[in-house]
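Engineer: Chain by chain, the residues run as shown.
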Amino acid sequence: MIAQNIGFWIIALMMIGAALRVVTTNNVVHAALWLVVVLSGAAGQYILLAAEFVAITQVLVYIGAVMVLFLFGTMLTRARIGAESDLNNSYKKLGIPVGLIMLVAMGLALTDSFGDERLPESATVVSTQEISDQIFGPYLLPFWALSFVLLAAVVGAIVLARKD
Amino acid sequence: MTVILAEIPYWGQSLLRVLGGLVAVLLPAGTIVYVFLFKMMSFMQSRLGPMEAGPYGSMQLFAEVGKWLQKEDIVPDRADARIFKMAPIIVLVSTFLLVAVVPFGPDAWFTDFETGIFYALAVSSISVLGILIAGWSSANKYSLLGGLRAAGQLIAYELPMVLAVIGVVIQAGTMNLQKIVVAQNSGSMFGIDAVGHPYVISQFIGFIIFMIAIQAELTQAPFDMPIAESELVSGYMTEYSGFRFLIFFIGEFATAGVFAMIASVLFLGGWGVPFAWFGWTSIDDIDNWMNFAGPLIMFTKMMLLVFIIMWIRFSYPRLREDQLQRFAWKGLIPVALGNIAVTSILKVVF
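Residue numbers (my numbering), protein chains in the order written: chain B, 11 to 174; chain L, 198 to 547.
Bear in mind the hints are in silico, worked out from the structure with no lab data behind them.
The beta-carbon is built from N, C-alpha and C at its ideal position, and this holds for glycine as well.
One thing to keep in mind: the hints can contain errors.
Using 20 Å as the maximum straight-line C-alpha spacing, the simulated SDA-like pairs for lysine to any residue come out as follows [to be verified]: (1) L/K282 - B/V47; (2) L/K338 - B/V164; (3) L/K282 - L/V359; (4) L/K264 - L/G439; (5) L/K527 - B/V164; (6) L/K282 - L/K527.
Label pairs and their calculated CB-CB ranges [claimed, not checked]: (7) L/D482 - B/Q14: 32 to 40 Å; (8) B/A171 - L/W474: 42 to 50 Å; (9) B/W19 - L/F489: 23 to 31 Å; (10) B/I16 - L/S239: 30 to 38 Å; (11) B/Q14 - L/K282: 32 to 40 Å; (12) B/I12 - L/D484: 35 to 43 Å; (13) B/L79 - L/W474: 47 to 55 Å; (14) L/E428 - B/A171: 43 to 51 Å.
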């Protein structure tokens, strides 16, 4: 597992650095691009965990769709080239403690539920078929509920966008 | 092939795969530019095209590449230089990631990905990012408009493309491109083994939707709104010159080649011929020579599909922006959803 550990730390450090740049950079498009680095790092971590389906979904949904829409939206409205002075505001004093509390809470939740459990040495790639069997078997109801929420969001967006 | 590869150390195999990927991206791109862009377009316009460099103008491409490489690499004064330089590379990287899952023969593949087609659709969407930031970082209103148009168009046409692929995945029962090839070539239609079961016949609607969608994804006319030269100079590419323009140019035609390869894998049987011709029953029976014939068969099918794409490109006038969006959202997507419904019903019934 040593190679995976080295890979994990390289990617993790890269993600932390990029995440810091997201909040410290003073250009909104640069911030979005640093966020792309963070999200692709997450996809890399999923691959190290032998979860290739989740990794590809991460790329397809977050990089291919969400970030493109982010950039699209900011470019339509306010993206200027060069530094903007009013991008960093005084909420730092509130934001840093909230971030730290989130980190502690997530860390506690993870160590509480997994503790010293380790991945099996010969971790096999979970096939997409197994995932779909799980989704359309025991987790069918949550899946339907999620689709319903998404449908409601789409209908809401159309209602908001209609002029008449 | 597997036997030969087993004797090479891992780094050697990786090196071979990288070289193979370079060949699989650049060779089709060069061929497409020469055969279709230089020659076919010229013949359709009753002229000869380039004739000076090399026999029949065949070295023209090298002359063009040399010309672009020696040009100055200009970055506009008020542009965001770092992002401006990065953008074309993102577009090209997306193409190289795409070719990694395309199988070229029974053992001639780069990666045998279980979720191959899903991966291909995911990485192909990365190029939108490159185009969008190319348009923004140029500090030019035409570039920005081109980038925004490109993003809107690529998102709109990605959906019918994904939905058209789902029909094939339902029919083959797998997302692995290699297994999709085997499923088509070892199948039979109406009890006749000799034709195999290319999905272009049973998924004809899916094939048409996929071809229209990749025409739009490649921003080829009639879907070339993002670089509409009569309105936007050259869209998101306006400020690029020298080798960065060359990268965009290679990226465009390399992506055309790779998308055509994926279309031929999904709908035309990829590298294979119907297995019944040689009495093979599964992928293990296939003779070793198929590893060398496979890429050639694949190349032929790819050229056929690119020919169709280019034929339409040179024949049709450009759509208007609202027509283009309406065509995707009100035309292609409902038809593709209907295709999925019909395919899954038929799959359950038979």
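Engineer: Against this structure, judge whether each hint is valid.
Structural biologist: Hints and how they fare:
no.: 1; hint: L/K282 - B/V47; result: 17 Å, holds
no.: 2; hint: L/K338 - B/V164; result: 31 Å, violated
no.: 3; hint: L/K282 - L/V359; result: 31 Å, violated
no.: 4; hint: L/K264 - L/G439; result: 8 Å, holds
no.: 5; hint: L/K527 - B/V164; result: 16 Å, holds
no.: 6; hint: L/K282 - L/K527; result: 37 Å, violated
no.: 7; hint: L/D482 - B/Q14: 32 to 40 Å; result: 37 Å, holds
no.: 8; hint: B/A171 - L/W474: 42 to 50 Å; result: 55 Å, violated
no.: 9; hint: B/W19 - L/F489: 23 to 31 Å; result: 43 Å, violated
no.: 10; hint: B/I16 - L/S239: 30 to 38 Å; result: 55 Å, violated
no.: 11; hint: B/Q14 - L/K282: 32 to 40 Å; result: 33 Å, holds
no.: 12; hint: B/I12 - L/D484: 35 to 43 Å; result: 41 Å, holds
no.: 13; hint: B/L79 - L/W474: 47 to 55 Å; result: 48 Å, holds
no.: 14; hint: L/E428 - B/A171: 43 to 51 Å; result: 25 Å, violated
This entry does not satisfy hints 2, 3, 6, 8, 9, 10 and 14, going by the numbered hints stated previously.
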